Structures are given as structure tokens and as C-alpha cells.
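Asks: Fit chain B to the given chain A structure using the hints.
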Amino acid sequence: MQFKKTLASTGIVAASMMLGANLAYAACATDGLPASMDGPGGYPERALTMIVPYGPAGGSGQVAQAMAQAVTELTGVSINRDHKPGGSGTVGMTAFMAAPADGYTVLEHIDDASSAHALDSGRPNPAEDLVPLVTSQITFSQIYIRSNEDRYTDWASFVEWVKAQNGKATIANVSKEGSMERVTMKFITDATGMQIQQISFDKGAPRYGALAGGQVDALFEQPGDVRKFLDAGTFKPILTILKDRPGAFAEVPALTDSGLDFDPLFRFRGFYVHKDAPADRVEWLQWAFQKAFCQESYQAFNESKFMNLIESYRDTAGSMELITNTIGQYRDVYKEMGLEVK
Amino acid sequence: MDTFNNFLNGTVTLFSDPIGILIFLGGVVGGMLFGAIPGVSMLTLAAILLPFTAHLSPEHGIMLFSVIYCTGVYGGAITAILFNIPGAPENAPTAFDGYPMTRNGQAGKAVGAAVMCSALGGTVSAVIMMIATAPIANWAIRSFGPPEIFALVFFGLAVASSVGARTFWKGWLSILVGLLIAIVGLDPVGGIERWDFNMPYLLAGIHFIPAILGFFAVSEIFVQAEKKVTGSYRAPELSVDFPSLAELIAHKFAVIRSILIGFFCGILPGIGATLAAFMGYNEAVRWSKDRSEFGKGKMEGVISSETANNAATGAAMIPLLALGLPGGALTAMMVGVFQMHDMEPGPLVFINSADLVWVVFSAMFFANLSILLIGWLETKTIINLLRIPFQFLAPLILCLATVGSYAVRGLTIDIIVMFIAGVVGFFLRRSGYSLAGIVLGLILGRIGEQTFAQAMQMLHFEWSGFFGRPIALALLVAGFATLAGSIYGAFFRRRH
Numbered sequence: 003m004q005f006k007k008t009l010a011s012t013g014i015v016a017a018s019m020m021l022g023a024n025l026a027y028a029a030c031a032t033d034g035l036p037a038s039m040d041g042p043g044g045y046p047e048r049a050l051t052m053i054v055p056y057g058p059a060g061g062s063g064q065v066a067q068a069m070a071q072a073v074t075e076l077t078g079v080s081i082n083r084d085h086k087p088g089g090s091g092t093v094g095m096t097a098f099m100a101a102p103a104d105g106y107t108v109l110e111h112i113d114d115a116s117s118a119h120a121l122d123s124g125r126p127n128p129a130e131d132l133v134p135l136v137t138s139q140i141t142f143s144q145i146y147i148r149s150n151e152d153r154y155t156d157w158a159s160f161v162e163w164v165k166a167q168n169g170k171a172t173i174a175n176v177s178k179e180g181s182m183e184r185v186t187m188k189f190i191t192d193a194t195g196m197q198i199q200q201i202s203f204d205k206g207a208p209r210y211g212a213l214a215g216g217q218v219d220a221l222f223e224q225p226g227d228v229r230k231f232l233d234a235g236t237f238k239p240i241l242t243i244l245k246d247r248p249g250a251f252a253e254v255p256a257l258t259d260s261g262l263d264f265d266p267l268f269r270f271r272g273f274y275v276h277k278d279a280p281a282d283r284v285e286w287l288q289w290a291f292q293k294a295f296c297q298e299s300y301q302a303f304n305e306s307k308f309m310n311l312i313e314s315y316r317d318t319a320g321s322m323e324l325i326t327n328t329i330g331q332y333r334d335v336y337k338e339m340g341l342e343v344k
Numbered sequence: 007m008d009t010f011n012n013f014l015n016g017t018v019t020l021f022s023d024p025i026g027i028l029i030f031l032g033g034v035v036g037g038m039l040f041g042a043i044p045g046v047s048m049l050t051l052a053a054i055l056l057p058f059t060a061h062l063s064p065e066h067g068i069m070l071f072s073v074i075y076c077t078g079v080y081g082g083a084i085t086a087i088l089f090n091i092p093g094a095p096e097n098a099p100t101a102f103d104g105y106p107m108t109r110n111g112q113a114g115k116a117v118g119a120a121v122m123c124s125a126l127g128g129t130v131s132a133v134i135m136m137i138a139t140a141p142i143a144n145w146a147i148r149s150f151g152p153p154e155i156f157a158l159v160f161f162g163l164a165v166a167s168s169v170g171a172r173t174f175w176k177g178w179l180s181i182l183v184g185l186l187i188a189i190v191g192l193d194p195v196g197g198i199e200r201w202d203f204n205m206p207y208l209l210a211g212i213h214f215i216p217a218i219l220g221f222f223a224v225s226e227i228f229v230q231a232e233k234k235v236t237g238s239y240r241a242p243e244l245s246v247d248f249p250s251l252a253e254l255i256a257h258k259f260a261v262i263r264s265i266l267i268g269f270f271c272g273i274l275p276g277i278g279a280t281l282a283a284f285m286g287y288n289e290a291v292r293w294s295k296d297r298s299e300f301g302k303g304k305m306e307g308v309i310s311s312e313t314a315n316n317a318a319t320g321a322a323m324i325p326l327l328a329l330g331l332p333g334g335a336l337t338a339m340m341v342g343v344f345q346m347h348d349m350e351p352g353p354l355v356f357i358n359s360a361d362l363v364w365v366v367f368s369a370m371f372f373a374n375l376s377i378l379l380i381g382w383l384e385t386k387t388i389i390n391l392l393r394i395p396f397q398f399l400a401p402l403i404l405c406l407a408t409v410g411s412y413a414v415r416g417l418t419i420d421i422i423v424m425f426i427a428g429v430v431g432f433f434l435r436r437s438g439y440s441l442a443g444i445v446l447g448l449i450l451g452r453i454g455e456q457t458f459a460q461a462m463q464m465l466h467f468e469w470s471g472f473f474g475r476p477i478a479l480a481l482l483v484a485g486f487a488t489l490a491g492s493i494y495g496a497f498f499r500r501r502h
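One line per chain: the protein sequences are A and B, in this order. Oh and the first sequence: position 169 is 171 in the numbering used here, straight run, nothing missing. Oh and the second sequence: position 219 is 225 in the numbering used here, straight run, nothing missing.
Just chain A, same shape as in the assembly (with noise of 0.2 Å):
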């Protein structure tokens, strides 16, 4: 099972959470894993299928496509992408769980499976009744606003400017209830003692176009997302909440220079296989996804998502850590926040 100790060891590499944003790629996560494997048996004969609950635009779907390229580059093997979007991806999780566990059906899903077990039980724990293959996608949120603002500059004008609107000021996110926007924004509301009034925005563009018009006052987003209005120069970053500044962002302050201590929710995005697939068949998994992370083009794909400023990459069982932890996280704030946790 010289495999199993490898993918042992690529967990200390995931145990190392921050990395520079100018750091390359030369050593990459998952270099140590054998250059091949052959299949269990001859699996697979035929055409994976991969159920994205979400629609092909959206990041899980470019994720998605990223990561079938990568692996069919690497294998041979192709992989049909089935989109089921809707319910805030129970639907494509319905739809997984129905399907045969045979090792020839694996999901993309987002952190949102995470905290719809945390808050519902009954919902399926993706530690537990999956087996994440791979977490490929790790990244953090910021608070931006138009760099044209006059009103604030920066965190600290922004908060004593939102103080002395008494609750009027406005926030595009996801404010979904139990959301990871939500969670985040009561920690920090909670932190500063402001009051901010969050608009939900289910799709990226109305949000981004809500703050770029002036309709709400500042934007809630992961920096990937909104690359291109950094770079454009329409939009600024005033707060990153990390604990600490990466590199990318050295200007901006994170967490702790601005007094808010909380544990920073992430969002991130993997691959996962049914837990009653036979073993040989999910080990064989394992290696091609995480493998897959190194390849040449989904490296490319993350480092233009900017998913390269934190490692962004976690083996099986840091997968698992990680989504424990989060589940953890979620349900002692769903308790503080008053709701219903079944």
C-alpha cells in the first residue's frame, strides 16, 4: 500500500496553509503520487460521470470542467458532466446519493453540503457519507468597495461610517440563512458592534453590478470572483478575512490588524465519491483527482481564480479534517444565532 503512505504524506504538505501569492507551482501537492495507476480490474471501461449541482457558468461548473480536463488528460478516461443545479445544490446531492455506487459516479460539491448538514443532520455529511476525493479549490473572502468611494477609504473609515448610519447602510453577499456570507458577516458585525443591512444576491453579476452602480454601499466576495474588477481598478479590497495578510493582499488588513478575532470560514470546493463504492475502485479515484490537481492546465485554471494566494489543496483525509472542522464551526454559530439545528 505504498499509495495509501503516499497519500499520508501529501497531508503535511496540506498542513501548510499559507503560501505566497507570487510563490510557483515548481513543487506541486500531489508530485510525490505515482505517475500512473492502473485501474482495479479494468475499471473504469467506460465513461465516468460527474453530477455538478450547480449550473456550468457559475464557478462550480469552471471548476468542474477544469478538474474532467485535467484528470481526462491524465487517465484517458473521459467524464460526462451532468449539471443538476437548484436547492442550493441539494438537488445535484439528491441525485448523487440516488445514483449506483459503483465508483463510476462522483460529485462536485461547494463548503454550502457542509453547512446544510450542519444545520439538518438528515442532509448527507460529506466526511462521512462520501469520500472526498479531493478539496481543490480553498480560498478566503473580502470586503470590497468602489475605489472612486469618497465616503470611506478603508476599514476602519467604513466601519465608523457604517455606525453613523444606524443600520442603513448596505451589503451585497449570498445572505442565504445558515450561508457562510451570513455566518462570516455576524462575526464581524458582532466584532466591530456595526449594523449593516445585507442584500442577498444569488448570482455573481446583479451583485457585482449592484456595487459597481452604487446600489448597496459595499460587496461581500471571494477575490477569485471579482479578479477582474481588481485588476480594472473599479473595485478595492478594505478588509481580508484571513487571520493574517497574504501576499497578494499585503496592503489590505486582515483579522487581526484590525482587531476581530474569529476563525475565518473558508469556501472551497472538491470532488467526492460514494462511500459504499468498492474500495479498489475509490482508491483508484483518489489518485486520479488529486494527481489531476497538479496537472498543467488545472494549476493554470486555479492560479486565474486566484486560488493559488492559500493552499488550495487537500488530500482525503485533510478533506475530511477540514470539512469536520467546518460542520463544527457552523453548528456552534447556527446554535448562537438562534436556529433551528436538527
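Because the hints were derived from the structure by calculation, they are not lab data. None of these values were measured; they are calculated from a predicted model. Keep in mind that a hint or two might mislead.
[As the list claims (entries may be wrong)] Partial list, derived from the structure: chain B residues whose beta carbon lies under 10 Å from chain A:
{"#": "1", "residue": "Ala53"}
{"#": "2", "residue": "Ala146"}
{"#": "3", "residue": "Gly151"}
{"#": "4", "residue": "Pro153"}
{"#": "5", "residue": "Ile155"}
{"#": "6", "residue": "Gly191"}
{"#": "7", "residue": "Ile198"}
{"#": "8", "residue": "Leu208"}
{"#": "9", "residue": "Pro325"}
{"#": "10", "residue": "Leu336"}
{"#": "11", "residue": "Ala338"}
{"#": "12", "residue": "Val341"}
{"#": "13", "residue": "Phe344"}
{"#": "14", "residue": "Leu417"}
{"#": "15", "residue": "Thr457"}
{"#": "16", "residue": "Met464"}
Yeah, the Cβ is synthetic: ideal placement off N, Cα and C, and Gly gets one too.
Replies: Using the frame of chain A, we list chain B on its own:
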């Protein structure tokens, strides 16, 4: 002058490259074909092609998607007119009058009107896009937030209450049924589960494509089958006559109005061609002297819908290119094409990749013009499908609709929804309710509910906040005035 020179340069670049011409033609034909098949839309084609665009130059990749967008929006009109199967939601209002025209033996005129007006709407929209992309985009996002979009939806629903229904009250009941269906699933702002009956698949809501296919295509098959059984079936007469120039000129105001409406809806991020088509149709009804003719085969209905939805295509490129804000799923995929080539749409594109922008502008202009030629050929050929006897055509339509419903999300529940909508639609049509109203309520209800909730959050849950937003206020007042006029008319007609 700079604009014209840039356009010429873009055109020369586009047509001096054999590969570029091939990709252009492939996009024109592919968009029309995929747009015409229900369920298998231009989005399906775009999703299939997306990975391959990595191997194309950025100019070719973006140009291909923009051409597919133009012709795909038109393509769905053909099946809407001939078989009452809108190829895409933005073609649904085209079926309201297009299919009755076919039944009245005017299929050629309906398709011809769709061809001419799609080309015209798209071309004018492309020209405006070339002239004033950046200022229009900035105006749109500054002036139109959730309160304004909600007010626009409210106005649209108020206007549409009389479309296709026997009475005002039945029209409003139809819209309310549509609104009721629209609230199934997670609420779009808070994520609260509603009307899901513990069925996870219902959390995704009732998708409007299976509903449209059921209400229009399946219920129509039932209606015609009943006529066949009772011996009153009459095959539609074939006609390949294009509408005359005089007929089109007679509708010049409808065309101009729909171009403005379509363009306006297209530039709003997240709105796009579907709302444009419905609003274009609704305004045609509102301005008509005899509203009762709509839904029975009035050419103006086809003209208004098809002009507006194609006018939205050029407009939708404006927020995408100027601000990096995609207006819908296809323009969002275009962002993916940009990113595959290490580019981002937005203000910098005009500075860093001006050549690319003008190739795209030129391609969209000529794609809209090409609708004229290919549409003319279609009118002379595809209409002959109506020669197929009903007993063979009906199962074919049913198969297409079933595949189309399933293809949207790969969910069996969508097929069930389609058949339920078909049966319900069959009985509602006999009772004078408006299927168009139900579909309108379903589609606009989603947008309306979301923007209403966002507006209330922005206005701190104070209704008076609308008074501080002049555009929203004007639209709300216009909506209430229309509603009051309709109610007064309903009572007045009853008494006299």
C-alpha cells in the same frame, strides 16, 4: 467616424480569415438548429463547445459564442410558430400569436415576420452596441437596481393581465396561478424551503421550460387529438408567403417600440431576452386598439416578441464587455471563453483587446443580417413539415417535448411537470383562462419576488422608499394606473 472605421477593420479581420468565416457560418447554423429544438437550446451547444474554445484564438472563440447567441435566440421562433413549441423561453410569446397564425394558414407570414423582425431588432441593437457601449452600461447599473426591476416586472404583469384570457378576472387568476407556481422551492433571498412536500427535487422549483412545453405543446396535442376524434380536425393550410413590405411598414411603431424595450431589458444584468420578449409583447397589447385580437393570430404579436428578444442580444453584450457583468447564462459562458485565454471582459478589454471587441461587434452585426437569408430558406423548406399527418406529427412533438423537458436538468420530475401542465392546460383553455398568463406569472414571478425582497432590504423595509426612486415610482404608478383602468373596464363592460 472612428466607430465606422473600427467596424470596417473588424469586418475585414472577420472575413479575411477562412477559419474565421467557417466558425462564423458554423455558429450561425448551429445556433439556429440548437435554438429550434426545445430543451436542447443554444446553451447546450455553448456548453458543448466551451472546452474546445481553448484551442481557438480569443477572437474566434468569443465571436463564435456571440454569433450563436444572435441566431439561437431567433431559432426557437420557428418551432414556436409551427408547432406551438417555443425553442426557448424567450420565444414563448412568439407562440401566443404565431401558432394561431399557422392554424389560420398564415405560417409563412408568421415565420417571415419573425425572420425580418429578428434580423432588424438584432441588427439595430448591434449598431447601438457599437456606438455607445460604455456610457449605456454605466447608466444602466446606476439607474436600475432591484426596486426599479421589481417595478418593471409589476408593470409588465399589470399590462399582461388581459393577454389570451376570456375576461379580465380570468386573466389575473391565470397570472396568480403562475405566481403561485413560481414560489415552489427555495425562496430566492433567504433560502427558506417552500411547498416542497419533503421532495428534494421540488426544492429546485418548477422550471419554466417543462411548464411551457406542457402548457403549449402537450395541451395543443390534446386539443387537436380531441378534434381528430370528434371529426372536427382541420390540418393547417400551407403557406410560404412572406409578409409584404407594406404589412411590415404598417407595424413600424411596434418594431421601434420593441427595439427600445428589448434593448433596455437586455442591458440589465441578469434580466435579458426572456423579459424583453414578454415586455415587447405586453406593450403591443397595451397600445393596441383591439386587445381581443391578440392570442388569435395577430402578426403584431409575433413582430413585437421577436424584435424585442433579438434586440436584447446586442444589448446584453454591453454590460458584459463594458463592465464584465454577464446578463444571462450564455454571456456568463462567454466570460469563461475570455478566461481560457487569460483575459477578462470589462473596461480593460476596450483598451487591451480593441481588435477582438470589433471583430465580435462585426460578427454580431452580420449574424443578425444572416438571419434574413437563412430564415428565408427556412420559410421555404421547414414549413413543409406541416404536411406530415397529425397522427405522425403528434408523437414526434410529444417525443421532442419530453426530451426537451428532461434535457433542462436531467430530472424525471420535469417530465411529470410537463404532462401535468399539458393536462391542466387542456382544461384551462376550454374554460377561457390564459396559459400565456400562467407562463408569464411563472417567469416574471421569480424575477419579481427576488427583486422585491432585495428592494425591501435596500429600502429598509419601508414602502416609502420607492418614492425616493423616480424610475421605480413612475413604473409603479404606470402599473397601478393600468390595473385600475383594467378593473374599471371590466366593471364598465359588465354593466353595459
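Asks: Evaluate each hint against the coordinates.
Replies: Hints and how they fare:
1. Ala53: holds, 5 Å
2. Ala146: Check passed: Cβ of alanine 146 of chain B comes within 8 Å of chain A, closer than 10 Å.
3. Gly151: holds, 4 Å
4. Pro153: holds, 9 Å
5. Ile155: holds, 9 Å
6. Gly191: This interface hint holds because 7 Å falls under the 10 Å limit.
7. Ile198: For isoleucine 198 of chain B, the interface hint holds, since the closest Cβ of chain A sits about 7 Å away, which is under 10 Å.
8. Leu208: holds, 8 Å
9. Pro325: It holds, given that the least Cβ distance between proline 325 of chain B and chain A is near 7 Å, below 10 Å.
10. Leu336: Constraint on leucine 336 of chain B satisfied, holds at 8 Å.
11. Ala338: holds, 3 Å
12. Val341: holds, 7 Å
13. Phe344: holds, 9 Å
14. Leu417: holds, 7 Å
15. Thr457: Since chain A brings a Cβ to about 9 Å from threonine 457 of chain B, closer than 10 Å, the hint holds.
16. Met464: The hint holds - methionine 464 of chain B has a Cβ within 10 Å of chain A, the shortest such distance being about 6 Å.
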